[in-house]
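K.L.:
Dock chain B against chain V, hints included.
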Amino acid sequence: MAAKTSRARTQRETTPLLEWILGGIGLVLFVAAIAFLVYEGSGSEDRPGDVEIRIEEIIATDDAYLVRYRARNLGTQTLVDLHISARVFDGSTELERVDAGIDYLPGRSWRRGGFYLREDPRKYRVDIRVGGYQEP
Amino acid sequence: MRSRHSSDTRRPEDGIIDSGHRITDFKTNRDYAIGVARAFGGALLFSLPILMTMETWFLGFTMDRFRLVILMLVLLPILVGLAYYSGFEDSTHLFDSILDAFVAIAVTTSMATIVLLLFGVIEAGSQANEWIGKIALQAVPGSIGALLAQSQFGRRMQDEDRQSRESGDFGEYFLMCAGALFLAANIAPTEEVLAIAQQMSPWQSVVLAVLSLALMHTFVYAAGFRGQHERPQDQSLAATFVKFSVNGYVLALAISAFICWTFGRFDGLALEEAVQVIVVLGFPAAVGAASARLVL
Numbered sequence: 000m001a002a003k004t005s006r007a008r009t010q011r012e013t014t015p016l017l018e019w020i021l022g023g024i025g026l027v028l029f030v031a032a033i034a035f036l037v038y039e040g041s042g043s044e045d046r047p048g049d050v051e052i053r054i055e056e057i058i059a060t061d062d063a064y065l066v067r068y069r070a071r072n073l074g075t076q077t078l079v080d081l082h083i084s085a086r087v088f089d090g091s092t093e094l095e096r097v098d099a100g101i102d103y104l105p106g107r108s109w110r111r112g113g114f115y116l117r118e119d120p121r122k123y124r125v126d127i128r129v130g131g132y133q134e135p
Numbered sequence: 000m001r002s003r004h005s006s007d008t009r010r011p012e013d014g015i016i017d018s019g020h021r022i023t024d025f026k027t028n029r030d031y032a033i034g035v036a037r038a039f040g041g042a043l044l045f046s047l048p049i050l051m052t053m054e055t056w057f058l059g060f061t062m063d064r065f066r067l068v069i070l071m072l073v074l075l076p077i078l079v080g081l082a083y084y085s086g087f088e089d090s091t092h093l094f095d096s097i098l099d100a101f102v103a104i105a106v107t108t109s110m111a112t113i114v115l116l117l118f119g120v121i122e123a124g125s126q127a128n129e130w131i132g133k134i135a136l137q138a139v140p141g142s143i144g145a146l147l148a149q150s151q152f153g154r155r156m157q158d159e160d161r162q163s164r165e166s167g168d169f170g171e172y173f174l175m176c177a178g179a180l181f182l183a184a185n186i187a188p189t190e191e192v193l194a195i196a197q198q199m200s201p202w203q204s205v206v207l208a209v210l211s212l213a214l215m216h217t218f219v220y221a222a223g224f225r226g227q228h229e230r231p232q233d234q235s236l237a238a239t240f241v242k243f244s245v246n247g248y249v250l251a252l253a254i255s256a257f258i259c260w261t262f263g264r265f266d267g268l269a270l271e272e273a274v275q276v277i278v279v280l281g282f283p284a285a286v287g288a289a290s291a292r293l294v295l
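Note that the protein sequences, when read in sequence, are chains V and B.
So that you can map any letter, position 74 of the first sequence is 73 in numbering that gives the first Met the number 0, and since no number is skipped, the others follow by simple counting.
So that you can map any letter, position 1 of the second sequence is 0 in numbering that gives the first Met the number 0, and since no number is skipped, the others follow by simple counting.
Since the hints were made in silico from the structure, they are not lab data.
Treat the hints with caution; some may be incorrect.
Only some residues are given here: those of chain V computed to face chain B with a beta carbon under 8 Å [claimed, not checked]: (1) P15; (2) L21; (3) G106.
Here are a few chain B residues that face chain V, going by a calculated C-beta distance under 8 Å [said to hold, decoys possible]: (4) I104; (5) N128; (6) E129; (7) L212; (8) L214; (9) F240.
C-beta: ideal position from N, C-alpha, C; glycine also.
The following block holds chain V by itself, in its conformation from the complex (with noise of 0.2 Å):
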């Protein structure tokens, strides 16, 4: 017994540095990734989905013009297969509609997409809103 104690402690004092190491960066990390996900899962409210769309640019192509937008949720909930459209309008005729979808959109994340439209939406109204989702 009285061996078998020594034995343990004299590995433990020749266990390599970096073995030291390694193991306090997984018990760091290890640690840290449970009390952020019960932070998460318990701390923070429960928002449903809000998602906010904004035009970040757009480019002519050859035959269209590609409006890249950046759609950002501001819920805590996930959004699957999230629908949006964009409509041109010149006064209160809609000239075209053009869909576009994202499988998911995470709560407090943002995701990047793009509408290719034949009108130039820097000569008329573009209205871009979002329509329906699944919950995971």
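P.N.:
Okay, now just chain B, sitting in the frame of chain V:
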């Protein structure tokens, strides 16, 4: 991860390891770094399927946070146990096993971060809740793989003449759980598990359950794989079958149910469908459980 043992010298007369090496010893640390590289490779090998599966990325941020925490908390003792049972009976202590488990987590986390960044699955601008979930989910198969790489590739190269720990009955059940968890966690994120369960008739499910059970027994006792177990002389075939194969299959089903629950696979499912999903996932879990008995 245990590379130090290759450079330790034992004095048989007192059983004490000669501590000729300090923790900062260059050779000891270099040997250890080689072991870490092996673990990195093992983590990559064992988690590549889910690193390259889209459903796994999405599960990382859609799955319930508390269930992910429970999965991680269950994983930790399994890693410690794997390190313990794949170690050397005369030299591995519980403390080393705990240290090995955390090293496996560190190695897997860095591997998964590098690969997912390279794949563009996580981006520098992503929110913490997104990438932490994605990486944490990779830790399940990856860290098991990191430890398996040690036991499979390392032990034979370094120390042919030393025996690995005798696991005993509890150890056998434990290893089966670890193997089942590994394969079930690899496959459960995919949509195919639900799809297969929905297109199978109840009779097909029964046949699959019987096949899983038969495979478990064949894998361990009859197929002639390396590591095949001999049936104990004092036990009948039926007793061995019930003791390890039937009990092992029950454990594999329990692990499948646990994994399905953590991944939210039961949400919205009727009981009959949930049972079918368990049987479907129980198939790879059973193979994983049997394989774990062979490789460790």
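K.L.:
Is the interface hint for L214(B) satisfied, with its Cβ closer than 8 Å to some Cβ of chain V?
P.N.:
This interface hint is violated because 33 Å lies over the 8 Å limit.
K.L.:
At a threshold of 8 Å, is the proposed contact between G106(V) and chain B supported by beta-carbon distances?
P.N.:
Constraint on G106(V) satisfied, holds at 7 Å.
K.L.:
Per the CB criterion, is I104(B) less than 8 Å away from chain V?
P.N.:
With Cβ-Cβ at 4 Å, under 8 Å, it holds.
K.L.:
Identify whether the interface hint at L212(B) stands, where standing means a beta carbon of chain V within less than 8 Å of its own.
P.N.:
At 34 Å from the nearest chain V Cβ, L212(B) fails the 8 Å test, so the hint is violated.
K.L.:
Does E129(B) pass the interface check with chain V, least Cβ-Cβ distance below 8 Å?
P.N.:
Holds - the Cβ of E129(B) comes within 8 Å of chain V, reaching about 5 Å at its closest.
K.L.:
Does the CB of N128(B) sit less than 8 Å away from some CB of chain V?
P.N.:
Constraint on N128(B) satisfied, holds at 6 Å.
K.L.:
Can the hint on L21(V) be confirmed by a CB-to-CB distance to chain B that is less than 8 Å?
P.N.:
Since chain B brings a Cβ to about 4 Å from L21(V), closer than 8 Å, the hint holds.
K.L.:
For the hint on F240(B), just tell me whether its beta-carbon gets within less than 8 Å of chain V.
P.N.:
Result: violated, 38 Å to nearest chain V Cβ.
K.L.:
Under the criterion of a CB-CB separation shorter than 8 Å, is P15(V) in contact with chain B as hinted?
P.N.:
holds (4 Å)
Of the numbered hints given earlier, the model fails hints 7, 8, 9; all others are met.
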